[in-house]
Amino acid sequence: MHTSSEGGPALFRLVRHWARQWAPDVVERFDAAAPPSWTVPNLFVIQAIDGASGDEVTVADVARQLGIDRSVASRMVSEAAREGFVERSTSARDARRAVLTLTETAKEFLGASRAHQREAFDALVGHWPREDRERFAGYLSRLADEILG
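Residues 988 to 1136 (the numbering used here) make up the sequence shown, in order.
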């Protein structure tokens, strides 16, 4: 049985593994049968907009969510908009700011990605007892919420 003091090394082994699995240069597209626009960078933008708090999501919010420079986020948002995932409108509070919203196409992609994520989780720990799976899922969610907000 592993102790909690081994959690750090185990976490970093998992991070290295998943970073290689999901790196945009390794995974060209989300799913072989998916539209070509279903790329990892577009998914990151969609998830960032979906996960941002507040009634007006901006490029700065996407940059903050993704932990990247605003100019990089702006390019990524522009690409996601060209692909039909993001709509820009003028802020009601500040006409100089663009507000980002997800299209129905983006919501479809997001739903498919969440289903894929659930399947991946089940493939990893589906053989565990239900209580262990639920406890682990709860701890992962808690950690993500504490770190990412």
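It should be emphasised that the hints constitute simulated quantities derived from the structure, not laboratory data.
Hints are not guaranteed to be accurate.
Have a look at the derived ranges for each label pair, beta carbon to beta carbon [stated by the list, open to error]:
id, residue 1, residue 2, range
1, Arg1084, Ser1128, 23 to 33 Å
2, Gly1125, Glu993, 37 to 47 Å
3, Ala1131, Gly1041, 39 to 49 Å
4, Gly1054, Ala1082, 27 to 37 Å
5, Gly1098, Arg1057, 24 to 34 Å
6, Ser1128, Thr1092, 22 to 32 Å
7, Gly994, Ala1082, 44 to 54 Å
8, Ser1076, Asp1119, 26 to 36 Å
9, Ser1076, His1114, 46 to 56 Å
Please read all numbers here as calculations on a predicted model, not as lab measurements.
Glycine included, C-beta positions come from ideal geometry on N, C-alpha and C.
Indices of hints not satisfied (ascending):
2, 3 and 8
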